[in-house]
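Can you build the whole structure from these sequences, using the hints too?
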Amino acid sequence: MHAMQVLTATAGGLGAGGGQVVPARAQMATTLGFHIILACFGIAFPTVVLVAEYLGLRRSDEVALLLARRWSQAMGVLVAVGAVTGTVLSFEMGLLWPGLMRTYGGVLGIPFGFEGIFFFLEAIFTGIYLYGWQRLPGWAHFWSGVPIALSGIAGAISVMAANSWMNQPGGFTLSHGKVVAVDTWQVFFNRAALYETPHMILAAYMVTGFLIASVYAAGMLKGRLDRYHRLGFGIPFTIGAILTPVQIFVGDTAARAVASQQPVKFAAMEYVTRTSRGVPEYLAGFYVNGKVYFGLRLPDVDSLLVGFSPHTKVTGLDSVAPAYRPPALTLLHLSFDAMVGLAFLLLLAGLWALLAWYRRRALPRVPVFWWLGVICGPAALVAMECGWIVTEVGRQPWVVYQLMTTSQAATTNGGVLDSLTGVIVLYAVLGVATVMILRLLSRRWRQGAGREPEADVPYGPPTQPREPTGLG
Amino acid sequence: MVVDAVGAILLAGVTLYALLGGADFGGGLWDLTAGGYRRGRAARQLIDATITPVWEANHVWLVFILVIFWGSFPGAFAAVMTAAALPLWLAVFGIVLRGAGFAFRKEVETVRWQRVFGAAFALSSLITPFFMGTVIGAIASQRVAANPPHAVLSVWTGPTSLLIGALFVTVCAYLAAVFLTREASQRQDDGLRRYFAWRAGAAGVISGALSLATLIEVRSSDPALYHGLTGKALALVIIAAACGLATLGLLATGRMAGLRTLSVLGVAAVVWGWGVAQYPALLPGTGLTLASGSAPHAVLVTIVVIFVAAALLVGPSFLLLFWLHGRQLLEPDQHADKRAGTGD
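For the protein sequence lines, the chains are A and B, in the order given.
Take the first sequence: its position 142, counted from the start at 1, is 142 in the numbering used here, and no numbers get skipped.
Take the second sequence: its position 145, counted from the start at 1, is 145 in the numbering used here, and no numbers get skipped.
Just so you know, the hints here were simulated from the structure itself, not pulled from any lab data.
In this text, a Cβ means the ideal position worked out from N, Cα and C, and glycines have one as well.
Worth double-checking, as some hints may not be accurate.
Facing chain A, from chain B, some residues (calculated, C-beta under 8 Å) [stated by the list, open to error]:
| # | residue |
| --- | --- |
| 1 | 1 |
| 2 | 63 |
| 3 | 72 |
| 4 | 85 |
| 5 | 150 |
| 6 | 279 |
| 7 | 280 |
| 8 | 281 |
| 9 | 295 |
| 10 | 296 |
| 11 | 303 |
| 12 | 318 |
| 13 | 323 |
| 14 | 334 |
What follows is a list of derived Cβ distance ranges for each label pair [as the list claims (entries may be wrong)]:
| # | chain 1 | residue 1 | chain 2 | residue 2 | range |
| --- | --- | --- | --- | --- | --- |
| 15 | A | 137 | B | 315 | 22 to 28 Å |
| 16 | B | 309 | A | 447 | 33 to 39 Å |
| 17 | B | 35 | A | 348 | 30 to 36 Å |
| 18 | B | 308 | A | 354 | 44 to 50 Å |
| 19 | B | 145 | A | 275 | 46 to 52 Å |
| 20 | B | 35 | A | 57 | 43 to 49 Å |
| 21 | A | 431 | B | 305 | 35 to 41 Å |
| 22 | B | 315 | A | 447 | 42 to 48 Å |
| 23 | B | 327 | A | 143 | 14 to 20 Å |
| 24 | A | 418 | B | 186 | 43 to 49 Å |
| 25 | A | 275 | B | 316 | 44 to 50 Å |
| 26 | B | 289 | A | 260 | 40 to 46 Å |
| 27 | A | 382 | B | 305 | 51 to 57 Å |
| 28 | B | 149 | A | 291 | 57 to 63 Å |
Below, the structure written as structure tokens:
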């Protein structure tokens, strides 16, 4: 579990904080690293379902409609889990980081306040959409889902406004350590929001698209070659594949912006020890005491990527005192490399499918492609988590860049280790249960028997005497 | 003044969460006490059908409260989150177990697993409102300091806190039973209507008794709050008592007209009674008031704007959801399980 790596990797050098900052960070990493997966589904799954429903209604395609109905059941489970894990984060803002909230709560209230509106709309229309399949007429039902997709994106913009503000704080006046004036517009549309927000929304669509496609790719490998599986793969895979090149462009832009706005984070990501020109790019490698081991060194390439010229000056770690450098440089750099590498793997899968479609108007037939299709889902997920590690660990030791350290923000309460333990156990159970439930859904669909409506009653026997469904 | 408007918005959020979220918690409590597998079937079915499409939207009020609280009154938020960390953590665990348990219970097939997730849902419906209530009690009874160094058990284990925790639980049960009585009556299920009417009455009487006990307790332990409740908030206290008694009367005579409205008004009057009694104090006993503890002006204005936008966008959406739900147009999809028709 990467959260534990973050924990062990960042255990040193963060200054005083009552000793709670390490478990507090580990807990935030666990809960946010878990929730971010569900957030991706919350942002993008409605769109995927709506595309299937649109195709189904437009072409009277029963298979597409069936996919939409089934996907919305899975979406129901994921949205419910996401709603509660998201609430945990709202509490943790205060329970783990009261120092942050005491000073900057007003500022952070602005983006999260807007997020509240979109969370409401999402939850309300999810209730209508998920439970409206039976009684609402076709297109009316479709349109009841559109607000979910739109508010998912708008909610993501709001949350990313808060996160990017922590990277590029602005739009407020400090006086004696107290925020005395705030410019709402500048808080929301801070300098980092411009690239962080599209980067995250695209990531959400890619994670969702490729993960759903993975399930059907696995089915294809098991010999389920029907149209149901082809469409189940095709719709989400196409969404992910189309967005991959866009994401690579946005990510590249983001990296250059980080190099200029948060040079120390960039130096940590790219192993730039000293500020200089003609900086080499390292692929992989471990960073120990200022030296890179086992990395592939590409001379001048980092300078070239940052400023399109080998003579570009790149700020190094030596620009700030050691206490203000991010911890766990190897973790940061490998996460960054993994994210970029996996993005190109996803690009390759998309290009392969495009080529096959161009030549034969069909998806590739060779099993290798379907194996690749299976890998794409976890690959997108890992890439997204790696990117999140880069932005969060790379900002350390700051919680609000250059204004407040994470130890200043952490709670003074003891016992964070206890809540951390509780959270790890709870989330492990929650994660396992969620996956089991999704597998159960898929098994039920495959058996295709269709449950009797009465079987839906929580632990109650059926009205008509039947065989018991389990222990009585 | 804009800070008073923001205070009112926060209290409105608390009221709506207490009414809507509270009724969903209460549903879990009645699920917990519905009895065995066979006996509790009908009640559980009605609870499940009533809560399913709306609980997530109702739950968002909690997030709304948290965000408005930390955005408008950041210092008080940090103080409460530090001083009352333990009951808040327990409530957080309850929230996770409850939502996940409820969602998972629908999807599992064997009775054994339905019991496991059902128990998680029902038990956490008991502990979550209790611990939330103790935190409100801690604030009201002057136990949260303005700048607490760390959490102390005595912050939330005073008699006022425990009484308010218990009151939260019984009020949730009361609201849920009233709503379910009406729901059963609309479905023309006379047996269930009587079943829940009886329980609504019992929960109402216990809630009334606990309210009275809290008032008596506060009289000696917290004269400022008592003075507020029997002074400037007296009208609201009387409205709450009158609505409660009227609801009990309607329940006893089996009349449905006005039942839900009166019960809702009664509970809302209690919440606003607390708010008015405490006004203008933010954290009673600390000297921190709404005005002195508030975020900069621009933030407050933004929050008012957010509230207006929410009222315009979220309000009608909620009405649509409740209207569709009231007409029983929202129910779990049965067709998704059908076999794919076009295998080749």
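Status of each hint after checking the structure:
no.: 1; hint: 1; verdict: violated (17 Å)
no.: 2; hint: 63; verdict: holds (5 Å)
no.: 3; hint: 72; verdict: holds (7 Å)
no.: 4; hint: 85; verdict: holds (5 Å)
no.: 5; hint: 150; verdict: holds (5 Å)
no.: 6; hint: 279; verdict: violated (21 Å)
no.: 7; hint: 280; verdict: violated (19 Å)
no.: 8; hint: 281; verdict: violated (19 Å)
no.: 9; hint: 295; verdict: holds (3 Å)
no.: 10; hint: 296; verdict: holds (5 Å)
no.: 11; hint: 303; verdict: holds (6 Å)
no.: 12; hint: 318; verdict: holds (6 Å)
no.: 13; hint: 323; verdict: violated (10 Å)
no.: 14; hint: 334; verdict: holds (6 Å)
no.: 15; hint: 137/A - 315/B: 22 to 28 Å; verdict: holds (25 Å)
no.: 16; hint: 309/B - 447/A: 33 to 39 Å; verdict: violated (46 Å)
no.: 17; hint: 35/B - 348/A: 30 to 36 Å; verdict: violated (59 Å)
no.: 18; hint: 308/B - 354/A: 44 to 50 Å; verdict: holds (47 Å)
no.: 19; hint: 145/B - 275/A: 46 to 52 Å; verdict: holds (47 Å)
no.: 20; hint: 35/B - 57/A: 43 to 49 Å; verdict: holds (45 Å)
no.: 21; hint: 431/A - 305/B: 35 to 41 Å; verdict: holds (38 Å)
no.: 22; hint: 315/B - 447/A: 42 to 48 Å; verdict: holds (43 Å)
no.: 23; hint: 327/B - 143/A: 14 to 20 Å; verdict: holds (18 Å)
no.: 24; hint: 418/A - 186/B: 43 to 49 Å; verdict: holds (46 Å)
no.: 25; hint: 275/A - 316/B: 44 to 50 Å; verdict: violated (56 Å)
no.: 26; hint: 289/B - 260/A: 40 to 46 Å; verdict: holds (44 Å)
no.: 27; hint: 382/A - 305/B: 51 to 57 Å; verdict: violated (40 Å)
no.: 28; hint: 149/B - 291/A: 57 to 63 Å; verdict: violated (44 Å)
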